[in-house]
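Number of protein chains: 2
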Amino acid sequence: MAKKPLILVTNDDGITAPGIRKLIKIMNTIGEVVVVAPDSPQSGMGHAITVDSTLTCVKIKVDDGPQIEYKCSGTPSDCVKLARREILKRKPDLCVSGINHGSNSSISVIYSGTMSAAIEAGIEGIPAIGFSLGDFSWDANFDRLEKEIKIITQNVLDNGLPEGVVLNVNFPKSENEFKGIKVCRQARGNWVEDFDKRVSPSGKEYYWLAGKYELLDKGEDTDEWALSHNYVSVVPVQFDLTAHHFIQKLNNWDL
Amino acid sequence: MAKKPLILVTNDDGITAPGIRKLIKIMNTIGEVVVVAPDSPQSGMGHAITVDSTLTCVKIKVDDGPQIEYKCSGTPSDCVKLARREILKRKPDLCVSGINHGSNSSISVIYSGTMSAAIEAGIEGIPAIGFSLGDFSWDANFDRLEKEIKIITQNVLDNGLPEGVVLNVNFPKSENEFKGIKVCRQARGNWVEDFDKRVSPSGKEYYWLAGKYELLDKGEDTDEWALSHNYVSVVPVQFDLTAHHFIQKLNNWDL
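From first to last, the protein sequence lines stand for chains A and C.
Residue numbers for the first sequence follow my numbering, so the first one is 3 and each next one is one higher.
Residue numbers for the second sequence follow my numbering, so the first one is 3 and each next one is one higher.
No lab work stands behind these hints: they were computed from the structure.
These numbers come from a predicted model, not from an experiment.
There may be inaccurate statements among the hints.
If several chains are the same, the list does not tell them apart, and a pair holds so long as it fits within one copy or across any two.
[Unchecked claim] Simulated pairs of lysine to any residue, SDA-like, Cα-Cα distance not exceeding 20 Å:
1. K251 / G182
2. K93 / K214
3. K5 / L159
4. K220 / I249
5. K6 / N254
Could you put the whole structure together from the sequences, leaning on the hints where they help?
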């Protein structure tokens with residue numbers, strides 16, 4: 003029998019979140035699992051790293067199972083960096099992040115701690131996948147994602163991923179059976195903020211960030227289209243942010 | 003005379019940093035300036051947003067000049083969102099972020115609070131530029147960047163930027179005269195971390211993130227090449243992260 007793959011598991015909702023606990027259980031059936039995840043929720047952290055304060059990383063046992071686990075005081079990106087340099091004896095064969103409580107489709111990939119962990123792994127040359135479910139609730143039904151997570155994970159282990167590419171996988175919230183897995187592009191859209199302005203007991207004004215997502219894309223090849231039609235969406239994500247198509251035009255500017 | 007453009011200025015080093023003070027002075031010569039910037043340093047915050055705590059935003063006067071200024075308790079992305087939705091009466095004609103104390107070339111664009119502010123503005127449909135100087139010191143010489151900042155800014159105001167594209171401008175640290183402005187792509191490279199592990203007085207282990215940049219790209223069309231040859235680098239940056247080149251291959255997987 004071939005050697006089991008070494009799989010690094012992380013997330014941004016924190017190491018005790020039901021989403022990561024389910025992902026660990028699934029990964030235990032596929033490989034040797036090491037978990038390095040934040041000790042507290044890190045949602046909306048984007049690709050933050052801890053540059054001006056210290057990090058702690060402590061071995062713990064959250065539940066039964068063969069996995070080895072560490073909780074880390076930092077961001078999802080910090081977790082991947084610490085895992086790679088300080089905890090894992092060799093480069094893992096795969097990094098999976100999630101399962102996020104909430105969608106990371108369309109422009110949300112930019113704000114996503116889940117995807118920042120996957121991208122950090124990708125930067126390190128580790129094949130990586132972020133998994134997210136479009137349901138924010140703590141007791142969302144993660145069991146029904148198992149089949150598709152196994153299929154996608156096995157495909158990545160078998161086929162690898164090209165340099166500079168990681169996968170952003172999103173599951174629709176609907177409890178109906180998934181229609182299938184669809185390869186997509188990131189839908190154009192943005193969050194229209196509607197700040198909730200309040201006044202503190204001492205008279206100071208403060209804000210809560212609130213808002214709703216606005217889809218600006220009518221394409222039927224996007225992750226938003228797939229999710230709204232009950233498909234599991236898979237978007238290949240790159241971290242070369244160069245807008246190559248604009249370089250030639252820019253060269254004609256009077257710079 | 004045409005109406006002056008409305009320019010939003012922000013950064014990630016905090017509203018009192020010499021880099022943003024210089025940028026404000028330059029922008030005052032070009033347009034009507036509103037500053038909404040973090041009240042404390044936010045370096046390495048990537049595209050973080052504040053979802054689970056409150057934000058404050060207070061009008062202040064940091065120094066002389068016609069600009070209107072607000073300090074905000076949030077991240078650079080929060081500042082742009084607050085400016086757009088709560089502070090500015092209309093959509094600004096331009097958003098400039100920086101001047102960052104330290105380089106944001108190559109893969110650093112991913113971790114950069116400076117660039118996350120520019121990208122956030124881009125998502126809102128505002129032409130945006132991030133400016134960074136490859137010198138971390140507080141008293142770096144920002145005066146010598148004035149000419150190129152004016153040229154690039156005026157070009158963006160005159161030509162606009164296509165939807166989904168913002169500019170990442172970096173200046174070399176060298177005190178020699180710049181050879182010119184060069185349009186580039188983002189160099190492939192990564193940060194190789196070397197965590198500094200220490201023990202607290204109470205016996206707890208903790209880490210400091212440290213590391214050095216490793217260039218993995220021999221191209222002469224990259225920002226790293228340009229900077230090391232004393233050019234000012236301009237990389238067009240997009241936030242559609244889809245790896246379009248990999249979609250067809252992915253469609254052949256057994257999903």
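Here is how each hint holds up against the structure:
no.	hint	result
1	K251 / G182	between (40 Å within a copy, 18 Å between copies)
2	K93 / K214	between (39 Å within a copy, 19 Å between copies)
3	K5 / L159	within (12 Å within a copy, 58 Å between copies)
4	K220 / I249	between (27 Å within a copy, 19 Å between copies)
5	K6 / N254	neither (53 Å within a copy, 25 Å between copies)
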